[in-house]
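Engineer: As you go down the protein sequences, you meet chains A and B in turn.
For the first sequence, this note's numbering gives the first residue as 1, with consecutive numbering after it.
For the second sequence, this note's numbering gives the first residue as 1, with consecutive numbering after it.
Don't read these hints as lab results, they were simulated from the structure.
Only a predicted model underlies this, so the values are computations on that prediction, with no experimental measurement involved.
Note that beta-carbon positions come from the ideal geometry of N, C-alpha and C, so glycine has one too.
One should not assume that every hint holds.
Derived list of chain A stretches under chain B, where covered just means 3 residues or more per stretch with a C-beta under 8 Å from a C-beta of chain B [what the hints assert, rightly or not]:
#1 24-37
#2 42-54
#3 60-67
#4 73-86
Calculated from the model, a selection of chain A residues having no Cβ within reach of chain B, i.e. all distances over 10 Å [claimed, not checked]:
#5 Arg11
#6 Gln14
#7 Leu15
#8 Gly18
#9 Pro57
#10 Phe104
#11 Asn109
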Amino acid sequence: MIAPGPEAAERRTQLLRGVLDMCILALLDQAPAHGYELVRRLNAAGFDTVGYGTAYPLLTRMRRLGLVADELHASPSGPDRKVYALTESGRQALASWTTEWTRFVEMTNATLTNIASSTPTMEKGL
Amino acid sequence: MTDTAGEDANQEIEAILAQVDRQWQAMGVLAAERATMTADLRVELTAAGTEGVPPRQLTGDDLRAFARDLAAGAQVGRVPFEWRRLLLGTLIGAVPGLILAWFVIWRWWTVPLPFVEDYSSADDMIRWLGCAAIFLIGVLYGAHRALRDVGAARRRVSALAAMLPIAGGIAIIVTTILASYLDYSMHPLVITTEAATVACILLAATVLARWWAVRPVPGSASPEPIPPRQVSV
Chain A
1 MIAPGPEAAE
11 RRTQLLRGVL
21 DMCILALLDQ
31 APAHGYELVR
41 RLNAAGFDTV
51 GYGTAYPLLT
61 RMRRLGLVAD
71 ELHASPSGPD
81 RKVYALTESG
91 RQALASWTTE
101 WTRFVEMTNA
111 TLTNIASSTP
121 TMEKGL
Chain B
1 MTDTAGEDAN
11 QEIEAILAQV
21 DRQWQAMGVL
31 AAERATMTAD
41 LRVELTAAGT
51 EGVPPRQLTG
61 DDLRAFARDL
71 AAGAQVGRVP
81 FEWRRLLLGT
91 LIGAVPGLIL
101 AWFVIWRWWT
111 VPLPFVEDYS
121 SADDMIRWLG
131 CAAIFLIGVL
141 YGAHRALRDV
151 GAARRRVSAL
161 AAMLPIAGGI
171 AIIVTTILAS
181 YLDYSMHPLV
191 ITTEAATVAC
201 ILLAATVLAR
211 WWAVRPVPGS
221 ASPEPIPPRQ
231 VSV
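Can you build the whole structure from these sequences, using the hints too?
Structural biologist: Here's what the structure looks like:
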């Protein structure tokens, strides 16, 4: 068995890169949030390596793409806050990405299961 | 949060914003885009600060990387091929200027200056100044043509117009000192060194002019609205 090392971390980073925008959309779909609140939610969801420096640029990009809209909300305890929420395009994108992701995971799981079940046979054959 | 602590936090936020903006400026991000992103980031950092979250905790210590990621994420507009175009434009502009200067001043034109006793040195000076003027006009015209569709092109060309004569003056002084130190040698290596010195000084002037032209201008921070782009999913 190969021990998890830097390669595993790199693979995890790449996986994260592929799904983080989808997860941000999902979290904002549950409830609008401001920037660092969103990071807290991501951390609470298990994405503990995701910091503000990663999430905020992504959020900015999705706002540019029209998937997320921001609105200044007055705060009773301080300055105004920018709260992000999903747009209609964002909801459509989330639905589409979720379908795509589910299909991808099923396909991957099926492939991995096939390999796992066929490995002993191959060893026997060898 | 006390007033002093609040002031400190604001100062820290402004320092971070200034550093991030410098990075964007170095990346060639358009001024309006920079102003928008800076305003957004200020709101974020200030709001987080009121909840006791230090700005550095959000941005991390590597502000350059943060700025780069943010610019990449935001897919901001940048000045396209600015350096290549600027250098190419100025070089192309300089060539006809030099050729014209050579023919007009050295071959076909002698300046009659009967009222000047030291005729030869005044004549030489007029020739040099004429050459420099034609060269300068060619370079500026080339830069203007090359950057005509780029934002703040007029500011860049104006900055070049101010910087190049200064650079030319410095180049003359430096090369004169160098030539004097080397006993006015005409050895190819000496001539090459002198030419390289002049080129370096002119390049430095172009770099300074570019930096000067894209510097933040007070009052220009009002962001232009950027329409969101729709994506097909």
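Engineer: Now look at each hint and say whether the structure bears it out.
Structural biologist: Hints, verified against the model:
1. 24-37: holds (count 3)
2. 42-54: holds (count 4)
3. 60-67: holds (count 7)
4. 73-86: This one holds; 7 residues, not fewer than the three required, reach chain B with a Cβ under 8 Å.
5. Arg11: The claim holds: Arg11(A) sits with its nearest Cβ about 20 Å from chain B, beyond 10 Å.
6. Gln14: holds (16 Å)
7. Leu15: holds (18 Å)
8. Gly18: At roughly 15 Å from the nearest Cβ of chain B, Gly18(A) sits farther out than 10 Å, so the non-interface label holds.
9. Pro57: violated (3 Å)
10. Phe104: Fine: 15 Å to the nearest Cβ keeps Phe104(A) off the interface.
11. Asn109: Asn109(A) is indeed farther than 10 Å from all Cβ atoms of chain B, at 24 Å.
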